[in-house]
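One-letter residues, chain by chain:
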Amino acid sequence: MVLALTIGLLVAGAAYLMLDRSYLRAVLGFLMLGHAVNLLLFASGGIQRRGEPLEGTDPAAAADPLPQAFVLTAIVIAFAITVVMLVLAVTGRAGDDTADRERPAGRSEPVR
Amino acid sequence: MTTAALLPLLVGLPLGAAGLTAPARAGAPWARAVLLGLLGANLAAGIALVVATSGGAVLAEPVGAWPGGIAIPFVADALSSLMLAVTGLLALVCTAFGLMTGPGAARLFPPLVLALLGGVNGALLTADLFNLFVFIEVMLLPSYGLLVLAHRRQGTMRSVSGTRLYVAFNLFVSTVFLAGVALVYGSAGTVNLAELAGAAQESGTVAAAVGVCLAALSMKAAVVPVHGWLARAYPSTSPAVTALFSGLHTKVAIYAIYRIYAVVFDGETRWLWIGVLLFSATMLVGVLGAVGENTMRSILAFHMVSQIGYILLGVALFTPLGLAAGIFYLLHHMIVKASLFLSTGAVEERHGTGALDGIRGVARRDPLLVAAFGVAALSLAGIPPFSGFVAKLTLILAALDAGQVAAAVLAIVVSLLTLLSMIKIWNSLVRRPDEDGEPAGGGGTAVAAPPVPRVGLRLTLPALTLAAVTLGLGLGAELLYGLSATAAAGLLDTSGYVEAVLR
Chain A
84 MVLALTIGLL VAGAAYLMLD RSYLRAVLGF LMLGHAVNLL LFASGGIQRR GEPLEGTDPA
144 AAADPLPQAF VLTAIVIAFA ITVVMLVLAV TGRAGDDTAD RERPAGRSEP VR
Chain B
3 MTTAALLPLL VGLPLGAAGL TAPARAGAPW ARAVLLGLLG ANLAAGIALV VATSGGAVLA
63 EPVGAWPGGI AIPFVADALS SLMLAVTGLL ALVCTAFGLM TGPGAARLFP PLVLALLGGV
123 NGALLTADLF NLFVFIEVML LPSYGLLVLA HRRQGTMRSV SGTRLYVAFN LFVSTVFLAG
183 VALVYGSAGT VNLAELAGAA QESGTVAAAV GVCLAALSMK AAVVPVHGWL ARAYPSTSPA
243 VTALFSGLHT KVAIYAIYRI YAVVFDGETR WLWIGVLLFS ATMLVGVLGA VGENTMRSIL
303 AFHMVSQIGY ILLGVALFTP LGLAAGIFYL LHHMIVKASL FLSTGAVEER HGTGALDGIR
363 GVARRDPLLV AAFGVAALSL AGIPPFSGFV AKLTLILAAL DAGQVAAAVL AIVVSLLTLL
423 SMIKIWNSLV RRPDEDGEPA GGGGTAVAAP PVPRVGLRLT LPALTLAAVT LGLGLGAELL
483 YGLSATAAAG LLDTSGYVEA VLR
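Residue numbers (this note's numbering), protein chains in the order written: chain A, 84 to 195; chain B, 3 to 505.
I should point out that these hints are in silico values taken from the structure, not numbers from a laboratory.
The beta carbon of each residue, even a glycine, is placed where N, CA and C say it ideally should be.
Hints may contain errors.
[Said to hold, decoys possible] Computed far set for chain B versus chain A, every beta-carbon distance over 10 Å:
hint : residue
1    : ALA50
2    : GLU139
3    : GLY188
4    : ALA283
[To be verified] Examples of chain A residues toward chain B, derived with CB under 10 Å:
hint : residue
5    : LEU88
6    : PHE113
7    : ASN121
8    : LEU124
9    : GLY129
10   : PRO142
11   : ALA145
12   : ALA161
13   : LEU171
Model the full structure from these sequences, guided by the hints.
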């Protein structure tokens, strides 16, 4: 129950932050969403069994190691992309807000 | 058995070579040689796999020699082999174009392309949902780098909004996909596709969980209503990179939709109407979006959305004819779209603009390039004798056969609209520069119009190659259609796939 509520809270916070026009806040929103999904991954393995999944532990009590591996992988990937996004947030002349300056796509400097 | 054991190399070699070429200096010949050599070998391996699986055989390799069900398997059946061969062809041609133009001069171009290739191959080969997520990320991370490289070549970073949008969108969708994977694991207890076979048909909970994954993949494939990102992000980078992405990224998502719906839902007919509805809307909205655009690449990007609707209509019909037509359409579309992006990209590269009113007079200087564009454009619209005609005809016949008359009529109407906006680009290309009293190249204050550069044969060659392929596929459609039908049979009866994976 607590886990479910936490996931819900994180998703709500993520949605709020992602709807902000500032890119930095949106990045923070993505971080929160990532955490919410990581908790969801943990929950998918069942939260009753908490023993360490090593030899010697009663299999009935051992936690499912697969979701843990999933979460570890997901954290690494999300971290890498967050770094890319943070760089993008501070790069470029346009500042970090995502407002749309209508510029025709492609390289159209000479014409316009 | 021995062939199957080589499958992980398709992922391992490009990733290893990416690490090897990372320290190379900008434009180092050996790094380019490694890049092109591996891309060539990759294409050869793809073709070899197509030959090996053309009889309906399924090659599976449980990586690390774990028993089936525990191992993360790599599988190549007819569909994945065809995809591997065509993505390999596109990667080679687009990279060659990239090396001749802007982005290829960047120091990190070879390793980024190689890592991208490894990710694409992995996503096409894996039979595990979580592994699919990982490989899609392996494919996307170098893409972000390539997008930024393309920007830097244009002098200052005028705007990174396209890249920002692309990264944010993809991270969001990947997170949704990951949530879907979590739900699948929670409800079915496995993320192995073969173990999930038919699971969505038996349990509504699993169906909903896999539905989340499919929704995320549809967003990645730019299905209406989540298509705006593609039209905005793709034209914002360099032409070579756009062409590369157009052939690889959305198509991997489409492949995954075909695969997952066939294996996990087992072609459940109850949900097909959702697909027919959404994909028909995609066809129409994409082509209408192109009407208002005034640069070559944004027109082409909107057309891509429209064509994605056609391709996915095949899986929404889920009949033998529909699936075969969809797969044929997918392969044809990848080639033609890349050809169009490359021919217009060559013009953009030389003229410095892709705006329709800035590219006049190209036809007189570069008839060969315009011919390549014309062939691909007619193929896209579905005119015989090119491959687009076969693709559209079989798809429309399949839709009629399945009783989806409205979708079939829509498909015909949308082809006409496609032709219309292809004519728009064509007109700009062939119009003489001095018509309407406008100077060429936009040199407004210049006393004499500046000499307009020719595109030249070298830059034309990549687009021309792919245009020749579409002509070949149109004339020899029998061969590819036969292979597509084999792939479709593999999707209709997944027992061979499941057995090979769980062996």
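Against the structure, the hints come out as follows:
1. ALA50: holds (31 Å)
2. GLU139: Violated: least Cβ distance 5 Å, not greater than 10 Å.
3. GLY188: Not fine: 3 Å to the nearest Cβ puts B:GLY188 too close to chain A.
4. ALA283: At about 23 Å from chain A, B:ALA283 clears the 10 Å cut-off, so the statement holds.
5. LEU88: Given a least distance of 17 Å, the restraint on A:LEU88 is violated.
6. PHE113: Result: holds, 5 Å to nearest chain B Cβ.
7. ASN121: holds (8 Å)
8. LEU124: Holds, about 4 Å.
9. GLY129: holds (8 Å)
10. PRO142: Hint on A:PRO142: violated, closest Cβ of chain B at ~15 Å, above 10 Å.
11. ALA145: Interface hint status for A:ALA145: violated (15 Å vs cutoff 10 Å).
12. ALA161: holds (8 Å)
13. LEU171: holds (5 Å)
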